Amino acid sequence: MTTVERNQSGTDHQPEERESVIVRFAGDSGDGMQLAGGRFADATAMAGNDLATLPNFPAEIRAPADTLGGVSSFQIHFASRDIATPGDSPNILVAMNPAALRANIGDLEKGAAILVNEDAFTKRALMKAGYETSPLDDGSLDGFQVTRVSMTEMVTRAAEDVEGATTRDIQKSRNIFALGLVSWMYDRPAEVTQKWIEGKFAKSPVLRDLNLAALRAGYAYGETAELVGTQITVPAANDVPPGLYRNVNGTQTLVMGLLAASIRSGMNLVLAAYPITPATDILHELSRRGGHGVRTIQAEDEIAAVGMALGASYGGALGVTSTSGPGMDLKAETIGLAVMLELPLVVIDVQRSGPSTGMPTKQEQSDLMMALYGRHGEAPLPVVAASTPGQAFEAAIEACRIAVEYRTPVILLSDNFIANSTEPWLVPSAADIPAIDQNLTTEIPADGDFLPYARDERLVRPIAIPGTPGLQHRIGGLEKEEGTGNISYDGPNHERMSQIRAGKIAGIDVPDVEVDADEGAEVLILGWGSSAGAIRAGVRRVRQRGIPVARTHLHHLNPLPANLGEVLRSYKQVLLPEMNAGQLSKVLRAEYLVDIKSHTNLQGRPLRAAEIETAILEVLGA
Amino acid sequence: MTTVERNQSGTDHQPEERESVIVRFAGDSGDGMQLAGGRFADATAMAGNDLATLPNFPAEIRAPADTLGGVSSFQIHFASRDIATPGDSPNILVAMNPAALRANIGDLEKGAAILVNEDAFTKRALMKAGYETSPLDDGSLDGFQVTRVSMTEMVTRAAEDVEGATTRDIQKSRNIFALGLVSWMYDRPAEVTQKWIEGKFAKSPVLRDLNLAALRAGYAYGETAELVGTQITVPAANDVPPGLYRNVNGTQTLVMGLLAASIRSGMNLVLAAYPITPATDILHELSRRGGHGVRTIQAEDEIAAVGMALGASYGGALGVTSTSGPGMDLKAETIGLAVMLELPLVVIDVQRSGPSTGMPTKQEQSDLMMALYGRHGEAPLPVVAASTPGQAFEAAIEACRIAVEYRTPVILLSDNFIANSTEPWLVPSAADIPAIDQNLTTEIPADGDFLPYARDERLVRPIAIPGTPGLQHRIGGLEKEEGTGNISYDGPNHERMSQIRAGKIAGIDVPDVEVDADEGAEVLILGWGSSAGAIRAGVRRVRQRGIPVARTHLHHLNPLPANLGEVLRSYKQVLLPEMNAGQLSKVLRAEYLVDIKSHTNLQGRPLRAAEIETAILEVLGA
Amino acid sequence: MTTAELTKADFQSDQETRWCPGCGDYAILSAVQGLLPELGVAPENTVFISGIGCAGRFTYYVDTYGMHSIHGRAPAVATGLVAARDDLSVWVVSGDGDALSIGGNHLIHSLRRNVPMKLLICNNRIYGLTKGQISPTSERGKVTKSTPEGSVEAPLDPISLALGSGATFVARTVDRDKAHMTEVLRAAAHHPGMAVVEILQNCPVFNDEHHIHVTDKAQAAINRIELVHGQPVRFGAEGERGVVALPGGGLAFGDAADAIIHDATAADPTLAFAINGLGDPMTGPVALGIFRNVQAPIWAEGVTARLKASRVGLGDADIDALLHEGNTWTVA
Amino acid sequence: MTTAELTKADFQSDQETRWCPGCGDYAILSAVQGLLPELGVAPENTVFISGIGCAGRFTYYVDTYGMHSIHGRAPAVATGLVAARDDLSVWVVSGDGDALSIGGNHLIHSLRRNVPMKLLICNNRIYGLTKGQISPTSERGKVTKSTPEGSVEAPLDPISLALGSGATFVARTVDRDKAHMTEVLRAAAHHPGMAVVEILQNCPVFNDEHHIHVTDKAQAAINRIELVHGQPVRFGAEGERGVVALPGGGLAFGDAADAIIHDATAADPTLAFAINGLGDPMTGPVALGIFRNVQAPIWAEGVTARLKASRVGLGDADIDALLHEGNTWTVA
Ligand SMILES: Cc1ncc(C[n+]2csc(CCOP(=O)(O)OP(=O)(O)O)c2C)c(N)n1
Ligand SMILES: Cc1ncc(C[n+]2csc(CCOP(=O)(O)OP(=O)(O)O)c2C)c(N)n1
Ligand code: SF4
Ligand code: SF4
Ligand SMILES: [Mg+2]
Ligand SMILES: [Mg+2]
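Chains as they are written, first to last, in numbering that gives the first Met the number 0: chain A, 0 to 621; chain B, 0 to 621; chain C, 0 to 331; chain D, 0 to 331.
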């Protein structure tokens, strides 16, 4: 085995220091761009930079090679300071084929660097990408810093020493070559990737050696080739809080949150789900955790999935179901039943671009109104939204806490961006996680019958689960008599029960919003969900112009924080950017009669710092 | 056959004239109260009174005899002037058994008349109704005008002349006896009922004669018995517009509206539905209309039903599906598909009391938010609400018109009250119904390809149905490229398409609201759906106090009438009564930032004039 | 109270039954309540889950744990309950519409999974609660309010569908034969996997006497093909007829002497399927009894114990371990 | 252009196919596009409706009318289309998850109704589009991302389920045998009622060669039981084995000489069900061909003509007649 070493002294160039860099890897979906990007991100994290990533998949499993539809990309933004988004426009684009170049060039600003695998720019591939002439030759890339590398040739040569490597394997290692090269260019530690390769291919020495050779070749190419230009280095971030960090995406944290809530509450975790992009990974991740008191079920459809989760809850477990938009539609009736029964249930909606099948692999946060109102009748329930990959951990725990302690279904909103993008995460400690009290009734009340729809001071009902002697009772979707839970068609009782159900939800204790406000700020930028990063970055830009701004972010969409009305009314202007047509804006206008300005975006991608900056300046008339 | 004749001169009492009367028939669900009430209503309509009715069924098919849960009632309000509601508190209650008395007595004001079948007040029946002593004897009915009639005995005697009548048949004719008696008491024409009996039992002379005998006996009992007191007469209404009238419920009119729209548009009507109370009758009514270019399907579930309706629409028919709350939840995903495809589809939601199974036979209008927002993603669609049994005709036509002409799913909201209550209806003329233009594309465009997602000036797309040569194309739930309709994952295209879909709906031409305003009115009472009658009556009461009031009613919930904001802002106060927790209020507050006051009611019954009156006075601080 | 002392009364709730007079559901309820005490399962360890329909009311009348869920979804809810708890005796009570129309998908999938629950289909071949529309088991040509010109659809047969879905216990019985019903339900209760029992049930209001061919004594003598494991499949007033094997494969009606022996435990469901296909369920002859009763892996078997075991000692240390998985680094 | 002059190209749309290289769906598409011209139905009178999944993309590639609907609901949409229009040739293309998991209910109900549509199930025994989870046809023990410890569920068999639902045309074929596939599809196309065809389909990415036992030449020789109407049911490398009738009823593998004669038109679906139950679909032997092909009343037959006829002369007078039904009175 050969070792690749980070060796700055081997080159004549002095590395240039930058505060932040945005790199985008792009190639065919078979080219392993997600892998290359993910490895680059891990190495970057280990180098101590702050970072944010944005994977972008095609909808097809494997679209025909070299077509625009088949392009897959991975963007990473890393810096020596706290950053908030995967970045707007890449400083460098790695394009493994013509289609990748064509699909991504529009996002680049002039002056940006482009690194292409020139071997892939064949006539056929150019044609398939819709190029009539090669952009490498026809001048259309003028103004960009284009570097052409014969990657296919390079890996073939690098593989000469590896005995037993097939042509296919060699082709497949081009992404690792590119990774090696870019790692050199941005001075990333090669050891992290090297270790990963060694672990990953431990059982297949040929592949291990091949990939190590490709990595080394890429790295070495950077060091030696004049072509690549200056090496750039981004020092470790120094404005992030101290502690132990880990690079995570929002699926991992969400799953860890569920597990932590399950362990903290002592409740078994039952996840029933039907596969759907981008929610499926939650099912995948939890299915590996049988040892942690977890049972997962791949249901026959989303209706079954939520029914199963509810059945599990009825049996005393923490019943969870996860899905995306179309699956949410199907779960509505059972969620309404859970509202009526007042049983805990956590429903996770990993939002994607709608309506209908829409653009399943793209970003949107347009399921808020559905989460709040997507059921017949008066069926209020709590809605919690995760805001960043890291925060999804707390959001999941919060959703579980509310569901269990208030006996209610809770909708937890995540989205495609949170689920798939990564960021360094200050790993919390188990001891800091609040306890969750299931508070089951296990004894026959001394003073008489068990009343399943009696209330405590928070309007919460007692729960006795099957298996508890003497507390047998029946619950159902028909309206119930207060206290006994017997069927009741009495009008005033129904009104009272409706008010109790609503009052219970309205009374859930949620923290006040905290405002990050500059002295003299006249505009409040309010966000929810995964717009958090872009808003933070956009606000920073405006502040850098010396304009005072206030910013706050909602994690609870129902009930709303008690101080929110007051906060909204204390600013001359409120700007609410969201990746939908203005949904939260509607909710808040109705609630507080405040003339909130919407900034909306339905372009299937996360918001960008620049557009937030522009929107703020517009609102301010600046 | 014997003839029953209305014969006022046969009695000594001079009939007393009243402007309006409220009668409630109540009995066991097996007692035929709906039938008695319905016949009484028909006779009343034929007598030229204005009227409104309110049937009230138990949820059980046939609850155990004599229990409170099994009580069925039918209320009718009729008057010599225009009336708006089935009335708040009955002037007379007909109670066929103790349970009926107990279940209804609470709605009576002191002084009201009570007519009981005293034979039914057995020990066992009293006990089953929860009476420890007989209310007929224990003084608990003091203050009411109680008339005890041995109905069982009377019908048994009346049946002596009818050969072949079984005991069971005789028992079952008690409702007709009661009907006869009440018909005499309120001077209703007996011929109408008599004709109905003759028609209904044409094939069974025994039943015919038995029921005629029972009717006659009841009528005669009134004429001769001293007990019954004064006969009351309510002259024909004279403040209603002239024309041909018919007594209708909102199911009949809605079905006629669908048929009229189908005939007017020349499109075949395909209704696919899954049974659910109270929507099922739409399926029943339309299933009888095969001769009118109609095909109905009882689907395997609501998802299939809406899928079938959409499939039929795709084939060029007018696809309709009807359901109630729980079924709406299940249709959400397919409605979203229809939004994306831009195909006509009419979805009828006959609202009932929710959430979940709720109180299936009770009244509520709590599905508005779901109609507007109950789908994932940005999926706006038009929502039309019927306001009275008669108006459901126009509402149905309007829903069809919008669906067909704008190529969009439309949700038509009706409710339990509209569906089941009746009122005299000024029968419209076919010639006055607007034409509906399906406007199919049938020719290959001269200028090139057929573009299924091209737009006209209203943003409406062209439709070519299967079978049209040369215009083959594919549509689907994935986002589409503007114009061609090809799959597109392009972000800006998605945003444009989203805006087009929204803009098309927002631009639908709906009439301005008209305000019925008194000079100097400071408060506007705004309603939607079946609150229309109660609001009209409540407003009248306030006006009778000399207080100026303005009133308007919404039939289009999306898009909202263009002048609505202006109207709302031109009153100091806006009061919005609705049978939910304030749903429309929320929508309008968000839209117009007007501080609308809600009057809400979740008691499973229609609003009452008195509560509207009180609410108005409260808002006015009067 | 030990489970040995249980009586029928222990399984009767205090709620008033709300079916129409003469409804077959009363007899089914009574048979179940009569059987439960002898199963030795305490009321608190027994759960009834139902969907919506007249039959769905069942849950309220049994003094165990129970959930009256939503239309068609009871098997899914029961599956979820079992996924967390295989220590309970789980019963689902369903109507023909609930189980076979809106709930068809959950039915076939819970059957293939062999989820341990007893699912009773109260088959009155009609929609009772919604007042008389066709159900998926109504006969072709049936006139109802939704099919005034007669239904144009062939019925689903619950037995065939269950066998086609890989069911491990499949039986048919009838509300008016308490002894038969009890025996079939007893076997279902003892079946460790999923047991589906079709109970022909009268709806005197909307489909009166639809099963008279097997409930009227004289007609039943001719029409009831009794399935008894290990016994020849004979029927007829004198037991003179039999289900016989055809030389080219398949079955037919023939002489009692040639009758095949019923083997409910046969691995191959073919003969069960074939017997059910003979005759005519609407008019007879029709087979009653246990068609199939085989062992197969039970879904979620042992889950309660497994979850409990995996939870022993689970605590903050495990959370911390989870949180620290993978690459980490420290910022000082 | 007359329908006699149609060619494969007339059924090829201008959209780029987007399946993975080597996906079995290419072969299925090609077989269908090859068959369509000979059916004599103009492209404009042909409609493809699909659900969601890799297979669901099919619709975009056929130059007829088409709708890419939502997951599992294509049979319902097709039923509605047929309810209004029986003058079209309606095809539904589905995956194993689309048809049998989320869409199971619509499948069984459209089958019992015998709605005239051809429904193809591209059975790769995996979820392709969502990147590799078990499907309801995956074998017990299958390891996928959602079942890292192996699936604990028995698979559904589409043929058994269809037969249990009363299907009138049921067949199985395989993507790698174009001739067989075309023949089966041709018969399906000519079946006047609902035809369901299971096509064993390779997913090289997530379930490669799952059907190698019937696609590899040597293995296929041993494992393919060819069903040919009117022919003895024989198989084996030398045709030496056969499906034989057992004396007690039922079928088994035996000697070719004793093989039963396959009768796809038998009223009783028992033998079709029995043949399908023999062997093991995952490893072989497994029967391919047409299991059942019988005539039964066709749902909505003649509806286009009937609706048209009932519309002749329908106009304002009819609306007015409707509006005036029942008791009316006049206010002057
Ligand atoms: C989602 C939904 N759709 C429809 C209904 C209305 N509904 C209640 S019970 C029922 C069917 C009743 O038939 P069945 O299941 O055979 O039970 P039965 O009443 O005959 O016992 C229907 C359609 C409902 N409650 N929920
Ligand atoms: C309501 C809904 N749930 C889930 C999905 C996600 N989804 C898309 S295709 C698919 C299953 C694909 O498997 P299969 O039907 O076998 O088709 P294949 O891709 O294997 O051809 C799923 C679960 C969806 N689109 N809609
Ligand atoms: S309607 Fe029929 S099934 Fe329902 S309770 Fe009455 S008799 Fe029983
Ligand atoms: S994932 Fe499998 S089924 Fe889907 S296109 Fe690729 S090879 Fe075909
Ligand atoms: Mg039924
Ligand atoms: Mg598949």
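Hints were generated in silico from the structure; no laboratory data involved.
On a predicted model such as this, the values are computed, not experimentally measured, just so you know.
Among the hints, erroneous ones may be present.
Stated by the list, open to error - Here are the simulated lysine-lysine pairs, PhoX-like style, with alpha carbons at most 25 Å apart:
| no. | chain 1 | residue 1 | chain 2 | residue 2 |
| --- | --- | --- | --- | --- |
| 1 | B | K171 | B | K122 |
| 2 | A | K171 | A | K194 |
| 3 | B | K127 | B | K171 |
| 4 | D | K216 | A | K127 |
| 5 | C | K130 | B | K199 |
| 6 | D | K216 | D | K7 |
| 7 | C | K216 | C | K177 |
| 8 | D | K130 | A | K171 |
| 9 | B | K171 | B | K199 |
| 10 | B | K171 | C | K130 |
| 11 | A | K122 | A | K171 |
| 12 | A | K199 | A | K171 |
| 13 | B | K171 | B | K194 |
| 14 | D | K177 | D | K216 |
| 15 | B | K596 | B | K571 |
| 16 | A | K199 | D | K130 |
| 17 | A | K596 | A | K571 |
| 18 | C | K7 | B | K127 |
As the list claims (entries may be wrong) - Cβ-to-Cβ under 8 Å is the rule here; a few derived chain A residues that face chain D:
| no. | residue |
| --- | --- |
| 19 | E59 |
| 20 | R61 |
| 21 | A62 |
| 22 | T121 |
| 23 | E190 |
| 24 | S286 |
Think of the CB as a built atom: it goes at the ideal place given N, C-alpha and C, for glycine as much as any other residue.
Results for each hint:
| no. | hint | result |
| --- | --- | --- |
| 1 | K171(B) with K122(B) | holds, 21 Å |
| 2 | K171(A) with K194(A) | holds, 19 Å |
| 3 | K127(B) with K171(B) | holds, 20 Å |
| 4 | K216(D) with K127(A) | violated, 36 Å |
| 5 | K130(C) with K199(B) | holds, 21 Å |
| 6 | K216(D) with K7(D) | violated, 28 Å |
| 7 | K216(C) with K177(C) | holds, 14 Å |
| 8 | K130(D) with K171(A) | holds, 20 Å |
| 9 | K171(B) with K199(B) | holds, 15 Å |
| 10 | K171(B) with K130(C) | holds, 20 Å |
| 11 | K122(A) with K171(A) | holds, 21 Å |
| 12 | K199(A) with K171(A) | holds, 15 Å |
| 13 | K171(B) with K194(B) | holds, 19 Å |
| 14 | K177(D) with K216(D) | holds, 14 Å |
| 15 | K596(B) with K571(B) | holds, 11 Å |
| 16 | K199(A) with K130(D) | holds, 21 Å |
| 17 | K596(A) with K571(A) | holds, 11 Å |
| 18 | K7(C) with K127(B) | holds, 24 Å |
| 19 | E59 | holds, 5 Å |
| 20 | R61 | holds, 4 Å |
| 21 | A62 | holds, 5 Å |
| 22 | T121 | violated, 17 Å |
| 23 | E190 | violated, 29 Å |
| 24 | S286 | holds, 5 Å |
Violated hints for the displayed structure, listed by number in ascending order: 4, 6, 22, 23.
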